[in-house]
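> Throw the hints in and build the complete structure from the sequences for me.
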Amino acid sequence: MIDPHEGWTTGAPTAHSTSGRVVRTRHVRTDFGEIMSNPTPVSRTSESISREELTRLRMTLGRLGRVLRQQNDDGLSYALISLLFSIGRNQPTTAGELAAGEGVTPPSVTRSLNRLLELGLVKRERDPVDGRASRISLTAAGVAERSRLLRSREVWLSEHLDRLTREELDLLLVALPVLERLCDPELDITPGD
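Each residue of the sequence shown is one higher than the one before, counting from 1 in full-length UniProt numbering.
What the hints contain is simulated information worked out from the structure, not anything from laboratory work.
Below, simulated SDA-like cross-link-like pairs (lysine to any residue); rule was C-alpha separation at most 20 Å, straight line:
1) 123 x 89
2) 123 x 97
3) 123 x 143
4) 123 x 82
5) 123 x 92
6) 123 x 141
Cβ pair distances, simulated, as ranges:
7) 144 x 56: 31 to 41 Å
8) 143 x 180: 18 to 28 Å
9) 66 x 104: 15 to 25 Å
10) 173 x 65: 13 to 23 Å
11) 65 x 90: 17 to 27 Å
12) 90 x 118: 18 to 28 Å
13) 70 x 175: 16 to 26 Å
14) 92 x 118: 17 to 27 Å
15) 64 x 167: 15 to 25 Å
16) 167 x 139: 38 to 48 Å
17) 126 x 158: 36 to 46 Å
18) 105 x 175: 26 to 36 Å
19) 51 x 114: 35 to 45 Å
Glycine included, each C-beta is placed from N, C-alpha and C at the ideal position.
Below, the structure is given as structure tokens:
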């Protein structure tokens, strides 16, 4: 049960606590106008989520990522697609910025960039301020390919979301800020924004 004065969830299993463990909660107003308890662990993750739950979450998120990546039918590798999307979001950019953003080594980014250059999907131009640096951006073909890849993933996702009940879809949308924060811990997301 939720004690609104203390902000703790205890006792019987709830949507947020399947084992009766005590977890700290923040009460959050959702886009749906209801008050929800948003649990934040009192202690370390290993003590607030069971190993089975952690494994299930990891496997489900991994499987979803793999399935979305498989929506590519033109033979581009995952690394090339990831780089194409990063360039599209951050253009113009540098190889160093891409390496840092992708979490890979500069030589790895250089190899991938060379392949994207060969395919005519990106272009490299001298930085007008620092002539020693190169700025990378998408070509018209790169913009078209990125759009095509986005559309194919969105079609797949829309078809699969259509299988969900309204309640399941609402739960997924409420969880979206949490999933975004898992992907980017620095992201400051306020529910309802």
